[in-house]
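Undergrad: Spelled out from the first residue to the last, the chains are:
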Amino acid sequence: MIYHISGLKFRYGDTFLLDIEELTIGKGASLGLVGPNGCGKSTLLKILAFLVKPDEGVIHFDGEKVDGNGSVLKRDVTILLQEPYLLKRSVFENVAYGLRARGEKRNLTKNVERALQIVGLPPGQFAARHWFELSGGEAQRVALAARLILNPKVLILDEPTASVDQESAALIKDAIEHARSEYGTSLVIASHDLLWLNTVAEDIERIYNGRMVGHETGNLISGPWHRASDGLWKKTLVGGEMISAVKPPHADTTAMLNPSDIMLSTDRPEGISAQNVLKGSITQLAVENDSGKVLITVNVAGLSLVSRVTEKAVRNLHLLPGGTVWVLFKASSLTWY
Amino acid sequence: MDYIAAGLIEAFGFLLRGDGETYSAIFTTLKASTLSMAASLVIGIPLGFLLGYYSFPGKRQVRTVVDTLLAMPTVVVGLLVYAFISRRGPMGDFGLLFTIPGIALAQTILITPIVISLTATAIEGLDRRLRMTLIALGADARQIAITSLVEAKYAVLMAAVAAYGRAISEVGISMMVGGNIKWHTRTITTAIALETGKGEFAMGIALGIVLLLMAFLANSLLTVLKRRL
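Read top to bottom, the protein sequences are chains A and H.
The numbers in the first sequence follow this note's numbering, run straight up by one, and end at 337.
The numbers in the second sequence follow this note's numbering, run straight up by one, and end at 229.
Worth flagging that the hints you see were computed from the coordinates, not collected in a lab.
All C-beta atoms, glycine included, are put in the ideal place defined by N, C-alpha and C.
You may find that some hints are simply not true.
In silico DSS-like pairs for lysine-lysine, Cα to Cα no more than 25 Å straight-line [as the list claims (entries may be wrong)]:
1. A:K88 with A:K65
2. A:K88 with A:K110
3. A:K88 with A:K27
4. A:K9 with A:K53
5. A:K88 with H:K59
6. A:K88 with H:K226
So, partial list: chain H residues that the calculated Cβ filter (under 10 Å) puts toward chain A [to be verified]:
7. V76
8. D140
9. L149
10. H184
Please build the complete structure, drawing on both the sequences and the hints.
TA: Here it is as structure tokens:
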């Protein structure tokens, strides 16, 4: 394995931003990290890149225990930040910087040209350009080329497709898959773009409130919950709709809902036993890598719920982004985290 | 108004026919300001970098002192340097009083805080992502420091131009430390002050035009470099 992390804690003041009991990442793996904004994804990525030191915990990298700030290992790991920074110099100089810093100047031009080709930027057209002569997607790919040229053991990407067009997102995917297959580079990718992430990551870990909450794609519904007259506990959504659950351990406990437990209907269902029947609109469809099923994200009064359905159901129900659906699940399907 | 127009015409005459006294003042200004600027850059850029890049106890107080020195009156600098380099002063043996190096020394004291302060501001204003990016690319502490300075090069160049502008335009130091000696330490600004006092507008205007041209050239150079850097 390339990383083994145990008992990792990172605080900001008195608040825990990260509290991870154990995390293992295999050599040559492609791990996706998903979670809401502010859940600790970026902090975890910076810790994995040895840019930030955790307050507690042990990190083993490539079999060795990391002491201090991991300065010896920094050159084995590289990170592409959410908003990459390009040096105020040419594309060539930006891509060559890391190799120059390492004193590796042999075949520099050839290596830079190759890295640019991998990210889909013809060297003849781009190498001499200044940093300000690039579009957002091109700048992102130059920053990626500057990391790929280093042949890192681990490439960490923080929201690599957040501000790029579809073409750039596809080229970024091809480039990092090339690095993985050619050099055995392990990938750790945080992204909100589930559609894109599902095509790149072999495994997806979920992070919520600084904790790893498993591989399974799941829905997290935070409290507070209040007891209703029917004996069930309710969470009120924006607009007044309510989610019903059986008794939570505490009023502010977060509920988990398996996507397979959510059914979708294009017509309002009548006479069913499920306590939760919520109207929403489809925002995203993505094919799940390992199951071959389709993950459908539905926005219900500002809350995103993911449902796992078969490809046949998608076709039969004509489920398309923008379409209106009813989301159905039992109150007992909610488990407590 | 006629005397101003006549003075302007005569001024171009001075410049075109290579009037010795006018050009002596120009060259004296160039020599003193070039020396002082070179010295202030050598001292000011590293100090400004240290002040902007590193955190240390008392940094804010040091910054306040440097920023206060930006507004130092030229006559105060002139007075202090005069006291130090006059025969009775601790540096009297160097014979710097009423010499171009003497003017340059005092100008260096005047403009070095400008270079320090603007360089520190430039370094502090660097994008916060720069440091993380350089670490991610494998740069060590020395490479990060050098690259940070290079990234701030345009702002540092601005500091140099601002310092140069202050050096060529000051009067107090050149008058007190240089002594305004004709053919020897008379600079453009002291000559303008003297000639205007005598009612000789032509030479004053001619030198004024040269001073403006020098400022214009310095800023033009900055614009060209901004495009190329």
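Undergrad: Taking the hints in turn, state whether each one holds.
TA: Structure-based check of each hint:
For the suggested pair K88 (chain A) and K65 (chain A), the alpha carbons sit about 37 Å apart, so the restraint of at most 25 Å is broken. For the given pair, K88 (chain A) sits about 22 Å from K110 (chain A) by alpha-carbon distance, which is consistent with the 25 Å threshold. Between K88 (chain A) and K27 (chain A) the CA atoms are separated by roughly 35 Å; this puts the pair beyond 25 Å, and the hint is violated. Restraint check for K9 (chain A) and K53 (chain A): the C-alpha separation of about 10 Å stays at or below 25 Å, so the hint holds.
Pair hint K88 (chain A) plus K59 (chain H) does not hold up; C-alpha atoms about 28 Å apart against a cutoff of 25 Å. Taking the CA atoms of K88 (chain A) and K226 (chain H), the gap is near 11 Å; set against the 25 Å cutoff, the hint holds. Nearest Cβ of chain A to the Cβ of V76 (chain H): about 39 Å, over the 10 Å cut. The hint is violated. A hinted interface residue such as D140 (chain H) counts as satisfied when its beta carbon comes closer than 10 Å to some beta carbon of chain A; here the least separation is about 7 Å, so the hint holds.
Interface hint at L149 (chain H): violated, since its Cβ lies 12 Å from the closest Cβ of chain A, which is beyond the 10 Å cut-off. For H184 (chain H), the suggested interface contact is broken, since its CB lies about 45 Å from the closest CB of chain A, more than 10 Å.
In this structure, the earlier hints numbered 1, 3, 5, 7, 9 and 10 are contradicted, and the remaining ones agree with it.
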